[in-house]
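Undergrad: The chain contents come next:
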Amino acid sequence: MKTIQTYHRAKTLAEAYELNQKKTSTILGGMMWLNMSGGRIGTAIDLCELGLNTITETEEEISIGAMTTLRQLETSPILAAYTGGAMAEAVKDIVGVQFRNMATLGGSLWGRFGFSDLLTLFLPLDSSVELFHGGILPLSEFAEKPYDRDILVRLILKKTPVKMAYSTVRTQKTDFPALNCSVVLANGALRAAVGARPDRAVLVTLPQMPESAAAFGKMLAEAVPMGSNLRGSAAYRTHLAAVLGERCFARLTAPQKEEV
Amino acid sequence: MEITLTLNGRTVTASISPDLLLIDFLRDHGCLSVKRGCESEVCGLCTVLMDGQPILSCSMLTARAAGHSIYTLEGLQAEAQEFVGFIADQGADQCGFCNPGFVMNTIALLRENPDPTDDEIRAFLAGNLCRCSGYEGQLRGIRSFLNTRNAKKEENA
Numbered sequence: 001m002k003t004i005q006t007y008h009r010a011k012t013l014a015e016a017y018e019l020n021q022k023k024t025s026t027i028l029g030g031m032m033w034l035n036m037s038g039g040r041i042g043t044a045i046d047l048c049e050l051g052l053n054t055i056t057e058t059e060e061e062i063s064i065g066a067m068t069t070l071r072q073l074e075t076s077p078i079l080a081a082y083t084g085g086a087m088a089e090a091v092k093d094i095v096g097v098q099f100r101n102m103a104t105l106g107g108s109l110w111g112r113f114g115f116s117d118l119l120t121l122f123l124p125l126d127s128s129v130e131l132f133h134g135g136i137l138p139l140s141e142f143a144e145k146p147y148d149r150d151i152l153v154r155l156i157l158k159k160t161p162v163k164m165a166y167s168t169v170r171t172q173k174t175d176f177p178a179l180n181c182s183v184v185l186a187n188g189a190l191r192a193a194v195g196a197r198p199d200r201a202v203l204v205t206l207p208q209m210p211e212s213a214a215a216f217g218k219m220l221a222e223a224v225p226m227g228s229n230l231r232g233s234a235a236y237r238t239h240l241a242a243v244l245g246e247r248c249f250a251r252l253t254a255p256q257k258e259e260v
Numbered sequence: 001m002e003i004t005l006t007l008n009g010r011t012v013t014a015s016i017s018p019d020l021l022l023i024d025f026l027r028d029h030g031c032l033s034v035k036r037g038c039e040s041e042v043c044g045l046c047t048v049l050m051d052g053q054p055i056l057s058c059s060m061l062t063a064r065a066a067g068h069s070i071y072t073l074e075g076l077q078a079e080a081q082e083f084v085g086f087i088a089d090q091g092a093d094q095c096g097f098c099n100p101g102f103v104m105n106t107i108a109l110l111r112e113n114p115d116p117t118d119d120e121i122r123a124f125l126a127g128n129l130c131r132c133s134g135y136e137g138q139l140r141g142i143r144s145f146l147n148t149r150n151a152k153k154e155e156n157a
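Protein chains in written order, with our numbering: chain R, 1 to 260; chain F, 1 to 157.
Isolated chain R (complex conformation) (with noise of 0.2 Å):
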């Protein structure tokens, strides 16, 4: 487990940034890597009275900060909306109710890990990030960013309208994912992002509508490099990712129940 020589509960951004700036400090999100890392803290800086574990949305976009937690985005009406339920379908698996009221968004994010269902979620919608220092930036482009000493302040959203669908494959079904996939419709125009490959997800843009659900899941697996680790081989993973595709593509395409 990692040691803590000070415990900091930033008054400010300003604050907890000045203090982060030192190689010894830590930002805490939700904790979950405390026991199963080692090392040693210097200033570990809580964010927790900042005020920056709600989600609010006005008529243009959504915000979420970052400490808000993974259970907080399972059942936010303003996101289940906004995804049409993509939101819940994609944490809803993550440990238990326990571990999801504590890890945070911000957490998830700022990991930049290559298991992160978050980041595979949103990553295909308009979304950015706001960093204390670095100001908003794209989603996508963040994920690609070298780890700094900045401090992921919220996720934005902008609410165009969409159509989401969310599928991934767990081994045991509280496992990580041995492979997730997010596929938004917005504008006529399809982008997927597929994660746990096992590396960072990355976003795939198709330039035109593929004639099936079938074909996409094809494009998918074909647009999409994959790793081999204890989870699954590459080999295993290209499958899945046509067979995700293909579910999502079918979920989006699918006519609209009528309402009884």
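These aren't lab readings, by the way, just hints derived from the structure by calculation. Ideal Cβ positions, reconstructed from N, Cα and C, are used throughout, including at glycine. Incorrect hints may appear among the rest.
Claimed, not checked - FRET-style restraints, in silico, Cβ to Cβ:
1) R:Asp175 with F:Arg36: 18 to 24 Å
2) F:Ala151 with R:Thr56: 42 to 48 Å
3) F:Met1 with R:Pro255: 55 to 61 Å
4) F:Asn150 with R:Thr6: 51 to 57 Å
To be verified - Derived lysine-lysine pairs resembling BS3-like cross-links, with alpha carbons at most 25 Å apart:
5) R:Lys173 with F:Lys153
6) R:Lys2 with R:Lys23
7) R:Lys145 with R:Lys158
8) F:Lys35 with R:Lys2
9) R:Lys11 with R:Lys22
10) R:Lys163 with R:Lys218
Fit chain F to the known structure of chain R by using the hints.
TA: Just chain F now, with coordinates in the frame of chain R:
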């Protein structure tokens, strides 16, 4: 560092090290229902309620819990007694090690959703692992409790 929190309804002030985990703080304060299991945040043995929400005390710094309300099974025995007998009747408390975590999370479930479906019970309790039972016993016990409670409500209506 000095912290103050509310533990099972009582205000507790203590001097702690910055990296003291909440599970160790709670056990040091007599709450031995809170158990250490996997130490990888997946088993749910150490579940407690922080401001009414179930969390894993093995991953929570006591420093972050300062100023919040923490409940362990020691403080919620009356609420637990409503349904634990039904779980025991199904033999689902076999070795008993995972029970406090299951019970705490079941309390959280029933507060949030007083009449859950079987799928909702399974989904909410997915973060509580049990090596003995195969989970069907817990499900049958909770279902049996809900059916009995609902039947009593109908009789009294």
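Undergrad: Each hint needs a verdict: does it hold in this structure or not?
TA: Comparing the hints with the structure gives:
1. R:Asp175 with F:Arg36: 18 to 24 Å: holds, 22 Å
2. F:Ala151 with R:Thr56: 42 to 48 Å: holds, 44 Å
3. F:Met1 with R:Pro255: 55 to 61 Å: Since methionine 1 of chain F and proline 255 of chain R have Cβ atoms about 60 Å apart, the given range 55 to 61 Å holds.
4. F:Asn150 with R:Thr6: 51 to 57 Å: With a Cβ separation near 52 Å, asparagine 150 of chain F and threonine 6 of chain R satisfy 51 to 57 Å, so the hint holds.
5. R:Lys173 with F:Lys153: violated, 35 Å
6. R:Lys2 with R:Lys23: Holds, at roughly 15 Å.
7. R:Lys145 with R:Lys158: Status holds; Cα separation ~21 Å.
8. F:Lys35 with R:Lys2: Distance ~20 Å between lysine 35 of chain F and lysine 2 of chain R Cα, so the pair holds.
9. R:Lys11 with R:Lys22: Answer holds: lysine 11 of chain R to lysine 22 of chain R is near 18 Å, not above 25 Å.
10. R:Lys163 with R:Lys218: Holds: lysine 163 of chain R and lysine 218 of chain R sit about 21 Å apart, inside 25 Å.
Consistency with the previously given hints fails for number 5 only.
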